Amino acid sequence: GQQVMQIPQYQHVQEGEDFTTYCNSSTTLSNIQWYKQRPGGHPVFLIQLVKSGEVKKQKRLTFQFGEAKKNSSLHITATQTTDVGTYFCAGPGSGAGSYQLTFGKGTKLSVIP
Amino acid sequence: NAGVTQTPKFQVLKTGQSMTLQCAQDMNHNSMYWYRQDPGMGLRLIYYSASEGTTDKGEVPNGYNVSRLNKREFSLRLESAAPSQTSVYFCASSQGHGELFFGEGSRLTVL
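So the sequence lines, in the order shown, correspond to chains S and Z. In this text, residue positions in the first sequence follow our numbering: the first is 2, and each later residue adds one. In this text, residue positions in the second sequence follow our numbering: the first is 3, and each later residue adds one.
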């Protein structure tokens, strides 16, 4: 079945440093979604990328979808303590499995003030 | 606007007991999902309902059953709980293939 891999599993950064998490799928994706989960909370949707090579920005967050639509990245510039949490990417299956959103295992970000 | 509401938030069961997790959404979404989250494992799909009247297995359906009671409600049942089912369970809903809206989670411990 479809696999979505995320690296790194953990990242500790000093406040103000940049952070990047990478997501790779075993299959070509129709789209990719990113979620953030604060400690003790539930996942919250950040963004969906659909087009090959697409780049979207949300303030300090930059999301990129690869040309082959098999990989994606999330980059945070100048991290803040409010960025703490686990970031997940998720991709849908194909055909009849298109409602099956497969999540990566996430990257847990710690920010040292 | 409550969004996705799950009950109970916490539950402790003994091995072999049964229970039902309830989920309701007020966003008129067609699709609903049940995920489980275990440390280091991310979110794994148990069952989903693409639309009212349909349910399908996800990645880890064994030991669970679901009911799409109506458009708003999607319940998850454990018939005979096992320690391996200790987890945090999240219900989610979506309109088509769009973003998922998650409930706050239900923390289940099976002794």
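Don't read these hints as lab results, they were simulated from the structure. As the structure is a computational prediction, the values presented were derived from the model and not from experiment. Hints are not guaranteed to be accurate.
Pulled a few chain Z residues facing chain S out of the computed Cβ check, cut under 10 Å [said to hold, decoys possible]: (1) F12; (2) Y37; (3) G44; (4) E81; (5) A84; (6) F92; (7) F103.
Every residue gets a Cβ at the ideal spot worked out from N, C-alpha and C, and that includes glycine.
Do the hints match the structure? See the list:
no., hint, result
1, F12, "violated (13 Å)"
2, Y37, "holds (8 Å)"
3, G44, "holds (4 Å)"
4, E81, "violated (23 Å)"
5, A84, "violated (23 Å)"
6, F92, "holds (6 Å)"
7, F103, "holds (7 Å)"
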